[in-house]
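Asks: Chain by chain, the residues:
Number of protein chains: 2
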Amino acid sequence: MTKTVLFSAPAASWESYAPFLKNLFDKVGLNINLVQDTNNPLNVDYIIYAPNGPVQDFAPYKNVKLIQSLWAGVETALQNKTLTQPLARMVDPGMSAGMADYVLGHVMRHHLGMALHGSVQPGEWRNDTAAPLACNRTVGFLGIGALGMYCAHAVAKQGFNVLGWSRNLKSDDVVKCYAGADGFAQVLGQSDILVLLMPDTPETLNLINADTIAQMKDGAAIINPGRGPLIDDAALLVALDSDKLSGATLDVFRIEPLPADDPYWTHPKVLVTPHIASETRLETSAAVVVENIGRGETGKPFLHLVDRSAGY
Amino acid sequence: MTKTVLFSAPAASWESYAPFLKNLFDKVGLNINLVQDTNNPLNVDYIIYAPNGPVQDFAPYKNVKLIQSLWAGVETALQNKTLTQPLARMVDPGMSAGMADYVLGHVMRHHLGMALHGSVQPGEWRNDTAAPLACNRTVGFLGIGALGMYCAHAVAKQGFNVLGWSRNLKSDDVVKCYAGADGFAQVLGQSDILVLLMPDTPETLNLINADTIAQMKDGAAIINPGRGPLIDDAALLVALDSDKLSGATLDVFRIEPLPADDPYWTHPKVLVTPHIASETRLETSAAVVVENIGRGETGKPFLHLVDRSAGY
Chain A
1 MTKTVLFSAP
11 AASWESYAPF
21 LKNLFDKVGL
31 NINLVQDTNN
41 PLNVDYIIYA
51 PNGPVQDFAP
61 YKNVKLIQSL
71 WAGVETALQN
81 KTLTQPLARM
91 VDPGMSAGMA
101 DYVLGHVMRH
111 HLGMALHGSV
121 QPGEWRNDTA
131 APLACNRTVG
141 FLGIGALGMY
151 CAHAVAKQGF
161 NVLGWSRNLK
171 SDDVVKCYAG
181 ADGFAQVLGQ
191 SDILVLLMPD
201 TPETLNLINA
211 DTIAQMKDGA
221 AIINPGRGPL
231 IDDAALLVAL
241 DSDKLSGATL
251 DVFRIEPLPA
261 DDPYWTHPKV
271 LVTPHIASET
281 RLETSAAVVV
291 ENIGRGETGK
301 PFLHLVDRSA
311 GY
Chain B
1001 MTKTVLFSAP
1011 AASWESYAPF
1021 LKNLFDKVGL
1031 NINLVQDTNN
1041 PLNVDYIIYA
1051 PNGPVQDFAP
1061 YKNVKLIQSL
1071 WAGVETALQN
1081 KTLTQPLARM
1091 VDPGMSAGMA
1101 DYVLGHVMRH
1111 HLGMALHGSV
1121 QPGEWRNDTA
1131 APLACNRTVG
1141 FLGIGALGMY
1151 CAHAVAKQGF
1161 NVLGWSRNLK
1171 SDDVVKCYAG
1181 ADGFAQVLGQ
1191 SDILVLLMPD
1201 TPETLNLINA
1211 DTIAQMKDGA
1221 AIINPGRGPL
1231 IDDAALLVAL
1241 DSDKLSGATL
1251 DVFRIEPLPA
1261 DDPYWTHPKV
1271 LVTPHIASET
1281 RLETSAAVVV
1291 ENIGRGETGK
1301 PFLHLVDRSA
1311 GY
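Chains as they are written, first to last, in our numbering: chain A, 1 to 312; chain B, 1001 to 1312.
Hints may be right or wrong, so weigh each one.
[Unchecked claim] Derived SDA-like pairs (lysine to any residue); straight-line CA-CA distance at most 25 Å: (1) A:Lys269 x B:Arg1126; (2) A:Lys157 x B:Val1091; (3) A:Lys81 x A:Ala97.
[As the list claims (entries may be wrong)] Beyond 10 Å from chain A on every Cβ pair, some chain B residues (computed): (4) Thr1004; (5) Ala1050; (6) Pro1054; (7) Pro1086; (8) Arg1109; (9) Gln1121; (10) Asp1241; (11) Thr1266; (12) Ser1278.
Read the hints as simulated data drawn from the structure, not as lab findings.
Where a beta carbon is used, it is the ideal one built from N, C-alpha and C, also for glycine.
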């Protein structure tokens, strides 16, 4: 029997995704009618969703088995009170690979002191600036979900000592795992470079603030490819100006694009990147969508379902 | 029987190396008299050597079995015509690890476009600049000796497509190996990022010149942690100015420290680092010295002997 999948994302996404999705549905033998809109919401079996897509009222879609987000972050989706159907986050292996590149690259930037080398005066030959070996540096991850753990492993492969904090204690062969308030203080206190990969929830708001920064190692650096509200920006700027922290790489902000008058842009210890740490990749994310719809059709549990009480 | 090992390197090196060496000689049961100078050259069995150490005339040391360099590069040693004894390069696992950090870090710098992100105007939100996945980028190594191969593996672990060129064809599970003139052109033509880790010999002088740059991919980047004379500097500057090449990270130069009026210092596409890509590390390099002297005492072949006809 043909199933109807409604694609509710901006038109540009349709242009790029539709051929990949149709090809993959055929390949795995799913009989799917992929549509951009419909007059009969009750006929829709699945919705492929982006928060900036056309459907904003999900109440009429009473027979939908799964809303599959194309975005990794679901804070906007969860603010939509009409969206009560099972919701899956996008966990895209291509996105994970891209994020791991970003995280490892910026870990190396701080580790090697590239900012110093880029800012010396001509002729200033600071050959006292060779980095310690990676095995003598500790990189901490706040957030070791699927994405965070993938990035932590990429960093560990290069020989760094890697710590990770999550709400519920995990175990891992290479990442030393912590949970709870004590564990949080441990990761803060040991990390030379701290990577923020937590979701944006009421509990993570201003996670990095004057109090938590005070618990960090002197001279530590912060990388934030997670979410802007994780950081109390005023507190971070104070810590950078006072040399408590040595640097920051920031990819996400409370307001995006980051306004031209924001002090981050010109701060000598900050590198701003324009929310490009990673993006959903067509080939790999289309495969995830098709896999999850296939699971719905064969009675298997959906992957990456959002836990609404946890907020991600 | 006690053997005499002469340590001919600057006094500061003696301060740092002597305790490590003595401890390790004891540990492996070698009966060694480690000295900073001697009145009886004929009594010396081994010399630990740095080109800037006190001994410059090696002719009197007729009974020396091995001169073990503390430096990876041996071009200065080979210019000393009195130094005819077997000579071993330093192949230090700590140095390899540090070099791999440097190479991977600067590969990531070019891969992620950090220079662009660091040079935009406040408010310029270039969110079209997410990098392709590492698997869609090719990194070529000119020089895959012990050090180059180690670095190539670190880069391959992150998912890049990795090529390597050496004088004699090697084979490897992850690095696609090339040799000869045809192979050289292949590596030049395929690499998005080219890493120079060849020794300084008459054959490698100006390896990167107008002709070889012309064979490179448009927009490729160069990383040189090898030796300064590998690059024809004028040709590189022309290629950067014409946008043939997108950037360069340079750690070594014909004259070091690099003079303040050198155009590299202020070139927007060049990052100068002050010959800190890697350095010999005490703990690990002392272990290499002790290993090689132990081999001499037990009749095993020495490691890392220099081939004088090849120049390294």
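Asks: Could you run down the list of hints and mark each one as holding or not?
Replies: These are the hints, each one checked on the structure:
no., hint, in the structure
1, A:Lys269 x B:Arg1126, "holds (20 Å)"
2, A:Lys157 x B:Val1091, "holds (22 Å)"
3, A:Lys81 x A:Ala97, "violated (33 Å)"
4, Thr1004, "holds (32 Å)"
5, Ala1050, "holds (16 Å)"
6, Pro1054, "holds (22 Å)"
7, Pro1086, "holds (30 Å)"
8, Arg1109, "violated (7 Å)"
9, Gln1121, "violated (8 Å)"
10, Asp1241, "holds (18 Å)"
11, Thr1266, "violated (6 Å)"
12, Ser1278, "violated (7 Å)"
Consistency with the previously given hints fails for numbers 3, 8, 9, 11, 12, ordered from lowest to highest.
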